[in-house]
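**Student:** So the sequence shown is numbered by the working numbering: it starts at 213 and just counts up by one.
Honestly, the hints are just simulated from the structure, not real lab data.
Derived lysine-lysine pairs resembling DSS-like cross-links, with alpha carbons at most 30 angstroms apart:
id, residue 1, residue 2
1, K231, K270
2, K270, K239
3, K231, K407
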Amino acid sequence: MTACATASAEAPRITAGPKIAALSCGKPVYLVVLLHAEGSCGQDVIDLALNWAPELPKADFLAAEAPFPGSAGARWFPGEGFSPDTISAGLTASAPLLDAFLDEMLAARRLPGDHLALVGFSQGAMLALDVGLRRAVPPAVIIAFGGALPEACDVGVPRTQPPVVFIHGEDDAVVPLADMVATRDRLKALGLPAKSMRRPALGHGVDDDGIIAAGSVLTATLVKPKPKTAGEHEDDDHHHDDHDHDH
Numbered sequence: 213m214t215a216c217a218t219a220s221a222e223a224p225r226i227t228a229g230p231k232i233a234a235l236s237c238g239k240p241v242y243l244v245v246l247l248h249a250e251g252s253c254g255q256d257v258i259d260l261a262l263n264w265a266p267e268l269p270k271a272d273f274l275a276a277e278a279p280f281p282g283s284a285g286a287r288w289f290p291g292e293g294f295s296p297d298t299i300s301a302g303l304t305a306s307a308p309l310l311d312a313f314l315d316e317m318l319a320a321r322r323l324p325g326d327h328l329a330l331v332g333f334s335q336g337a338m339l340a341l342d343v344g345l346r347r348a349v350p351p352a353v354i355i356a357f358g359g360a361l362p363e364a365c366d367v368g369v370p371r372t373q374p375p376v377v378f379i380h381g382e383d384d385a386v387v388p389l390a391d392m393v394a395t396r397d398r399l400k401a402l403g404l405p406a407k408s409m410r411r412p413a414l415g416h417g418v419d420d421d422g423i424i425a426a427g428s429v430l431t432a433t434l435v436k437p438k439p440k441t442a443g444e445h446e447d448d449d450h451h452h453d454d455h456d457h458d459h
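I would like the entire structure built from these sequences, with the hints used as guidance.
**Tutor:** Encoded structure:
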């Protein structure tokens with residue numbers, strides 16, 4: 213992990229952090245916004261995007277910086293911890309900030325709302341889920357690492373129905389696997405295409421297989437497949453057998 217500066221104690225706002233510009237060198241066609249974990253910063257997550265950018269040359273990757281200061285780094289919620297009340301209050305405080313930030317970043321690139329992908333980690337995953345499901349124009353996909361929405365965070369009938377992919381450690385002691393499964397099942401019951409990938413022996417973090425899987429999801433969602441020529445067969449995608457499966 214890199215050394216991360218804490219957020220300003222003044223008026224909370226989400227700011228643009230480090231980015232990887234579209235490798236095609238033209239106007240970006242998509243924007244992938246990454247929301248770091250609590251106590252972290254944008255540099256930590258933009259480094260992961262180095263794995264994804266070559267397959268998505270027309271996408272800008274942008275790390276957002278959390279608005280609240282913490283003892284170890286910036287965080288998305290003003291309160292400490294992961295209790296349902298803290299999460300609910302945190303989402304209430306930060307959701308409008310992220311919604312406005314996403315609008316601003318899309319407008320700067322002259323992109324429509326459905327050309328956005330959200331990738332969140334821990335608190336950042338919770339915020340990505342909460343905001344992504346409520347935006348007027350749904351993002352292309354939401355990927356949540358180590359995140360869930362407790363029952364206290366009633367999503368109701370989501371305003372939009374973007375596909376949601378959860379990638380979660382089976383040994384996560386901060387956001388238990390059962391919380392992720394419950395969130396996934398709640399979304400599926402509301403008609404959302406919510407799927408999940410379990411990572412064995414992984415705690416509250418990200419591993420290489422999860423990073424590869426996220427890249428595959430982004431590529432499959434944002435890159436239009438090339439037309440098949442006569443006699444060409446569809447290959448099995450070994451990165452996408454993760455959905456709703458245990459690995």
